[in-house]
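Trainee: Between the sequences and the hints, there should be enough to build the whole structure, so can you do that?
Quick note on my numbering: the sequence shown kicks off at -19 and runs consecutively.
Honestly, the hints are just simulated from the structure, not real lab data. You may find that some hints are simply not true.
Only pairs whose alpha carbons sit at most 27 Å apart, straight line, appear in this in silico BS3-like list of lysine-lysine [as the list claims (entries may be wrong)]:
1) 117 - 75
2) 221 - 159
3) 117 - 159
4) 117 - 175
5) 297 - 272
6) 331 - 260
7) 331 - 272
8) 69 - 117
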Amino acid sequence: MAHAAAPPGSPGGGERRPFTTPAERQPTALSVPAAGRPHTSFPATGFDAELARLESDDEILRQQAMNNLIAMAKYGGSTERVIAMMIEKLQDSDKLFRSLAVEALSRSAKQVRQEVTDALIRSLQDTDANVRCRAVKALRLACVGPSHPPVVAALAAMVRDENPFVQDAAVDNLQYAMKHASFEVRGELLASTHKGVRSAALDSFLDEIMQGSERALELVIGMLQDAEFQVRMAAVRVVSKLLTARDTKAVSDQLAMLKAEGREHDLVAPAKAAGPMIDKALAALMSVLEDKSADIRTAVLRTLTCNTARLNQTVFKAVLVLLADEVDGTRQLAREWISGVVTFTQERERKEWAYDIVLELLRNGQGPTQLSAAWVVARVVAHGNAKYLKDVMPLLESQHPLTRVAGLWALVEAVKNVVPSIMWSSSGGVTVPRCLQDPDPRCSLPTVPAPLAPNPPKYLSLL
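Mentor: Here is the structure:
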């Protein structure tokens, strides 16, 4: 079926223009240079073209040339010539060019080049803060390269820069470099003026300490007396990981040996298996128990939960000082820790040395220390063990009122459990109810509410 031809002038309609080759076409007005029409003499592309643009009076062209050279450096075009040019431009009078030159050098190669590193280190002394900041950031890869010590030293000096952005960039690079820096370099960074750098340096020594490096441990212990809270806390954190890891490993090794011999029930905490490093770490932490920060003191207490610390009498006596701490939370944590050690030594080791020390404080302590000792003893006598009750009951007849108060505090848990031997006596001996007749009103306050509510038992008739 034949189709009607499209009308002239419509799409696809009318006569088509015959095909012509470029040589046969007539020149147009735009294809012929007009007199006075501006044109450039720069080469269209390439390194030489960008160099020519750098000499232009047009600021936009100069910036475009720098950006193009940066792209060349990034993608490998004329890299050697670009690097040489950018190192030269680091001395340019225009701070924008110096900044762009630093940017170009940071992208000049995938690997660190010594001449670039040296040039960037010199730019750290530039008068413009933006140039210094870019130079610091550009040295990120160099600070973990084979020749990193001078780079790290230069960056460490920049943490004292007057510009906060330069300081932050230097700290960020140093923290990044910490895992890759040599032992000597990290040791030097412990003297940095920036607390964040010192803290990062401390964390980096953990692996060496776990491998048994006493030198690394000594460096960390030395920072326990740092002026900054953040740094002291980082040092406590590293030492605590050593205690926990070593203690866990010793227990695991001992348990494996006992299992092989069929004596799993003989497992005891490895106090002597910890080694000299543990002793040194514990001794250092004991000095921190007197730190001015309650958070530091609390962190140390939480560190001492390992069995090695629990079985160390020197550690135990040092923690006793915290029973009189000015912070309620620290005193409470110290009481719980001491109570845990007393229970641990009595039940696991069948030894009474921890209990004997606390009992002495209960008898002869002063103020909060004596009452805290009473709190610990209260848990021991809670269920009426006659062996321990005979240590406490005589305190109710002490000549010192506060000692009688402490004795009553030590019997609070036993009163709650209505232990018969402390509530009445057929021989007329001292009992808790009789203490309500004490001439000092403080002696009746701690324990009266417990037996009176909700249903008074029959022994109250003895009053």
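Trainee: Look at each hint and say if it fits the structure.
Mentor: Now for the hints, and whether the structure bears them out:
1. 117 - 75: holds, 17 Å
2. 221 - 159: holds, 18 Å
3. 117 - 159: holds, 18 Å
4. 117 - 175: holds, 20 Å
5. 297 - 272: Holds. Residue 297 to residue 272 sits at ~19 Å (cutoff 27 Å).
6. 331 - 260: holds, 25 Å
7. 331 - 272: Violated, because 34 Å separates the two Cα atoms, which is more than 27 Å.
8. 69 - 117: holds, 18 Å
Figure legend: structure checked against the earlier numbered hints; the only hint not met is number 7.
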